[in-house]
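Student: Single-letter residue listing:
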Amino acid sequence: KQEVTQIPAALSVPEGENLVLNCSFTDSAIYNLQWFRQDPGKGLTSLLLIQSSQREQTSGRLNASLDKSSGRSTLYIAASQPGDSATYLCAVNDYKLSFGAGTTVTVRA
Amino acid sequence: KAGVTQTPRYLIKTRGQQVTLSCSPISGHRSVSWYQQTPGQGLQFLFEYFSETQRNKGNFPGRFSGRQFSNSRSEMNVSTLELGDSALYLCASSLEGSNEKLFFGSGTQLSVL
Chain A
45 KQEVTQIPAA LSVPEGENLV LNCSFTDSAI YNLQWFRQDP GKGLTSLLLI QSSQREQTSG
105 RLNASLDKSS GRSTLYIAAS QPGDSATYLC AVNDYKLSFG AGTTVTVRA
Chain B
771 KAGVTQTPRY LIKTRGQQVT LSCSPISGHR SVSWYQQTPG QGLQFLFEYF SETQRNKGNF
831 PGRFSGRQFS NSRSEMNVST LELGDSALYL CASSLEGSNE KLFFGSGTQL SVL
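So the sequence lines, in the order shown, correspond to chains A and B. Residues in the first sequence are numbered from 45 upward in steps of one, following this note's numbering. Residues in the second sequence are numbered from 771 upward in steps of one, following this note's numbering.
Source of the hints: derived by calculation from the structure; they are not laboratory data. We put the CB at the ideal spot given by N, CA and C, even for glycine. Check the hints yourself; a few may be wrong.
Said to hold, decoys possible - With the Cβ distance kept under 10 Å, some of the chain A side facing chain B (calculated, not the full set): (1) Phe80; (2) Leu88; (3) Thr102; (4) Ala135; (5) Asn137; (6) Leu141.
Based on the sequences and whatever the hints tell you, model everything.
Tutor: Next up, the structure:
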C-alpha cells in the first residue's frame, strides 16, 4: 500500500523567503505525482503535474522535482507572498491517487 | 469555461439515512473521481468513473457507491449513514483520467448527526 508523507506539517515564514516543501512515498512504481494547493473549506487546485519520466516541472515561481528511485519530491516556491498561504498537498498516482496529509504554509507580511 | 460543480454545498443528515451527492465535470471531461476528506484520515480516494464505467475503486465499504451518466455527470450515494461519514466530499474531473491534471470542485460538506 502506498504511503505518502509530507514534512513539515506546518511552516511559517516571512514574506520574500523561499519555501521548500517535501513529499516522500514508499512505492516508486508510479505514473505521476501532482502538487495541489487547498485553501480553507475549498477544493484543490492543481499546481504542477510531474510524469514518472520527468525530473522536474516549473510554473512561474513554482518548481517541483521528482526523484522516483528514492521516492521523493520537493516543491520550491520562490519569493513567497502572503497569498501563498494555504495547505499544499502532494498526490502520488499508482493507478489511484494517494495523498499526503499536507503542509500548511503561513507567509507573514 | 465553467469549472467542476458540486451540489449541494452543505448537507446535514442523521444516522441511518442515505444521501446522494452530485458532480458536474468540466465540459468535455470524461473522467470523474471522488474523494473523502476528513481531519483524521486526510484525503482518500473513493472511486473513478470513465465513460459511465467504474474504472477504479478505493478501500471503502459497499455503502459507498457511484454512477456516471452519458453526459459525464456523476453522483455518489452513501447508504445507512454513520457518524464517521461526516466529511468533505470532493470530486475531480479530467479529460481521460488521473494521468492528467485534475480539476476539483469545491466539495460537499456532509454532517451526520
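Student: Is the hint on A/Phe80 kept, meaning its closest Cβ partner in chain B is under 10 Å away?
Tutor: Status holds, d = 8 Å.
Student: Using the nearest Cβ pair, does A/Leu141 come within less than 10 Å of chain B?
Tutor: Holds. Min distance 5 Å.
Student: Against chain B, is A/Thr102 within 10 Å by beta-carbon distance?
Tutor: With a minimum Cβ separation of about 15 Å from chain B (threshold 10 Å), the hint on A/Thr102 is violated.
Student: Should the interface hint for A/Asn137 be scored as holding, given a Cβ-Cβ cut-off of 10 Å against chain B?
Tutor: 5 Å, holds
Student: Does the closest beta carbon of chain B sit nearer than 10 Å to the beta carbon of A/Ala135?
Tutor: 8 Å, holds
Student: Given A/Leu88 as an interface hint, is its Cβ closer than 10 Å to any Cβ of chain B?
Tutor: 4 Å, holds
Comparing the model with each numbered hint stated earlier shows that hint 3 is the single one that does not hold.
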